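Undergrad: Single-letter residue listing:
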Amino acid sequence: MNVSDSTPAMNNLMGSEADSQRTLYPYVTGTSVVGIKYKDGILLAADMGGSYGSTLRYKTVERLKSVGKHSIIGASGEISDFQEIMRNLDDLILYDNMWDDGNSFGPKEVHNYLTRMMYNRRNKFNPLWNSLVLGGVKNGQKYLGTVSMIGVHYEDNHVATGFGNHLARPLLRDEWHENLTFEEGVKLLEKCMRVLLYRDRSAVNKLQIAKITEEGVTISQPYALKTFWGFSAFKNPTAGAEGSW
Amino acid sequence: MFRNQYDTDVTTWSPAGRLFQVEYAMEAVKQGSAAIGLRSKTHVVLACVNKSTSELSSHQKKIFKVDDHIGVSIAGLTADGRVLSRYMRNECINYSYTYESPLPVGRLVVQLADKAQVCTQRSWKRPYGVGLLVGGLDESGAHLYYNCPSGNYFEYQAFAIGSRSQAAKTYLERKFETFTDSSRDNLVKDALFALRETLQGERLTSSVCTIAVVGVGEAFHILDQETVQGLINEFEIVGEEPAPADETAAPDQGSSAAAQGPSEDVAPMDI
Numbered sequence: 001m002n003v004s005d006s007t008p009a010m011n012n013l014m015g016s017e018a019d020s021q022r023t024l025y026p027y028v029t030g031t032s033v034v035g036i037k038y039k040d041g042i043l044l045a046a047d048m049g050g051s052y053g054s055t056l057r058y059k060t061v062e063r064l065k066s067v068g069k070h071s072i073i074g075a076s077g078e079i080s081d082f083q084e085i086m087r088n089l090d091d092l093i094l095y096d097n098m099w100d101d102g103n104s105f106g107p108k109e110v111h112n113y114l115t116r117m118m119y120n121r122r123n124k125f126n127p128l129w130n131s132l133v134l135g136g137v138k139n140g141q142k143y144l145g146t147v148s149m150i151g152v153h154y155e156d157n158h159v160a161t162g163f164g165n166h167l168a169r170p171l172l173r174d175e176w177h178e179n180l181t182f183e184e185g186v187k188l189l190e191k192c193m194r195v196l197l198y199r200d201r202s203a204v205n206k207l208q209i210a211k212i213t214e215e216g217v218t219i220s221q222p223y224a225l226k227t228f229w230g231f232s233a234f235k236n237p238t239a240g241a242e243g244s245w
Numbered sequence: 001m002f003r004n005q006y007d008t009d010v011t012t013w014s015p016a017g018r019l020f021q022v023e024y025a026m027e028a029v030k031q032g033s034a035a036i037g038l039r040s041k042t043h044v045v046l047a048c049v050n051k052s053t054s055e056l057s058s059h060q061k062k063i064f065k066v067d068d069h070i071g072v073s074i075a076g077l078t079a080d081g082r083v084l085s086r087y088m089r090n091e092c093i094n095y096s097y098t099y100e101s102p103l104p105v106g107r108l109v110v111q112l113a114d115k116a117q118v119c120t121q122r123s124w125k126r127p128y129g130v131g132l133l134v135g136g137l138d139e140s141g142a143h144l145y146y147n148c149p150s151g152n153y154f155e156y157q158a159f160a161i162g163s164r165s166q167a168a169k170t171y172l173e174r175k176f177e178t179f180t181d182s183s184r185d186n187l188v189k190d191a192l193f194a195l196r197e198t199l200q201g202e203r204l205t206s207s208v209c210t211i212a213v214v215g216v217g218e219a220f221h222i223l224d225q226e227t228v229q230g231l232i233n234e235f236e237i238v239g240e241e242p243a244p245a246d247e248t249a250a251p252d253q254g255s256s257a258a259a260q261g262p263s264e265d266v267a268p269m270d271i
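Protein chains in written order, with full-length UniProt numbering: chain A, 1 to 245; chain B, 1 to 271.
Calculated directly from the structure, the hints in this document are not laboratory data.
Please read these numbers as outputs of a predicted model, since none were measured by experiment.
Backbone N, C-alpha and C fix where the C-beta goes; we use that ideal spot for every residue, glycine too.
Just so you know, not all the hints are guaranteed correct.
Claimed, not checked - Covered, in the sense of this in silico footprint (three residues per stretch, anywhere, with C-beta under 8 Å from a C-beta of chain A), are these stretches of chain B:
| no. | region |
| --- | --- |
| 1 | 97 to 104 |
| 2 | 135 to 146 |
As the list claims (entries may be wrong) - In silico BS3-like cross-links for lysine-lysine, where the CA-CA straight-line distance does not exceed 27 Å:
| no. | chain 1 | residue 1 | chain 2 | residue 2 |
| --- | --- | --- | --- | --- |
| 3 | B | Lys189 | A | Lys69 |
| 4 | B | Lys65 | A | Lys108 |
| 5 | A | Lys138 | A | Lys187 |
| 6 | A | Lys191 | A | Lys124 |
| 7 | A | Lys39 | A | Lys187 |
| 8 | B | Lys169 | B | Lys61 |
| 9 | A | Lys108 | B | Lys41 |
| 10 | B | Lys41 | A | Lys138 |
Can you make the complete structure from the sequences, with help from the hints?
TA: Structure follows, in structure tokens:
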């Protein structure tokens with residue numbers, strides 16, 4: 001099955017009603033999520049944009065959510081699929097809580113459950129079109145992992161989705177270290193998000209940062225980053241070529 | 001328990017509100033050979049009496065490893081026990097596959113109990129004729145449960161099931177308060193003592209019993225015969241008869257002592 005076989009033009013040839021039942025391409029999408037481990041736990045950052053193709057249509061989309069007591073999740077990709085995933089996870093946590101037996105799902109268990117879910121859907125050619133970041137702390141153990149829409153999953157000290165892999169990870173590889181304080185962690189994430197804001201066309205300047213420690217989850221209020229556009233190279237951009245833009 | 005007109009079907013209540021078929025299933029457990037379990041905060045020890053029908057045959061397997069952190073010992077219809085162990089292993093594997101994490105033993109026993117309950121409410125089924133002592137770990141430490149054919153389950157500090165288990169229970173009742181903080185080795189020693197009580201004077205050797213241990217940092221495993229015999233000798237747990245002159249001949253003498261055999265009213269399918 002090639003990508004060209006799934007273009008709208010080819011749909012009718014591929015089997016009619018069957019196709020309306022599976023995901024072919026995303027509609028409303030979120031862009032990068034960036035996550036790091038720090039001294040007390042995990043920090044996740046994501047902007048609040050929901051793009052409709054190339055239009056930056058929705059600007060209050062919460063892409064960071066808490067999952068039970070011990071985990072937080074960030075999603076990029078199709079927003080409606082993320083809402084479906086959250087419905088699933090909320091049910092999972094609910095049934096886990098209903099046992100009421102002192103056992104609870106930690107981030108490792110949630111991450112693996114998500115991996116199974118994403119991989120399963122991929123095998124049915126009906127993926128949940130998301131790349132997810134899952135982080136958490138349980139019994140002093142920090143956990144940070146990611147799952148893609150085809151079920152690729154791994155853990156690391158810092159992870160990102162989409163453009164974040166290309167723009168943020170290099171910064172993190174240079175500047176991340178064990179035992180970042182909360183302030184250092186936020187500053188590092190903001191540095192990554194600023195680069196993404198400058199260079200990713202689907203980024204919007206309204207972001208949230210989520211923090212999880214042994215004590216619990218905090219998701220910040222939305223705020224904007226300061227940007228600087230006063231570079232001399234941007235002045236008189238058409239100086240050498242009158243009439244261009 | 002006498003035969004009566006309400007005991008043909010498991011789905012027939014008696015006027016006194018009893019399900020006789022379920023109670024008869026629990027009788028089958030009482031007739032099987034003894035199984036004992038005890039636990040501390042961090043370890044569970046399972047022990048059982050293993051008698052073979054003749055010197056020529058092997059022992060019935062009565063202790064099963066379900067996962068690294070869970071094991072079970074059974075009394076009653078061992079075939080039913082084997083099938084339920086397979087179910088438990090399957091549940092553990094599936095949970096591990098989905099969550100990369102061991103299935104908490106408390107949740108497994110509830111699933112097991114619900115499975116047993118189904119058989120008490122279908123006219124085309126019969127209750128499982130086996131009692132299971134499930135020992136395992138979860139987030140809050142070590143646990144021991146008893147699952148019974150009725151679909152009930154209970155958590156225990158220590159328990160014994162099967163024939164002549166009352167003798168073991170008496171011993172355990174005297175000592176159970178010491179178990180929570182007991183060391184692993186003392187727990188095994190207590191299991192051997194409790195087991196000896198059920199042998200009613202017969203000589204305790206490693207050929208008539210099986211011991212298994214699971215604990216925090218120790219995967220479930222069955223202790224091998226030499227280790228068990230070594231522990232028996234160490235703790236000098238011998239029968240009331242005078243010790244034989246040659247200790248290395250002990251295993252042979254143990255099995256000849258076992259020639260008195262199980263009591264006559266034990267059904268042939270469940271030694």
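Undergrad: Going back to the hint list, which numbers does this structure go against?
TA: 3, 6
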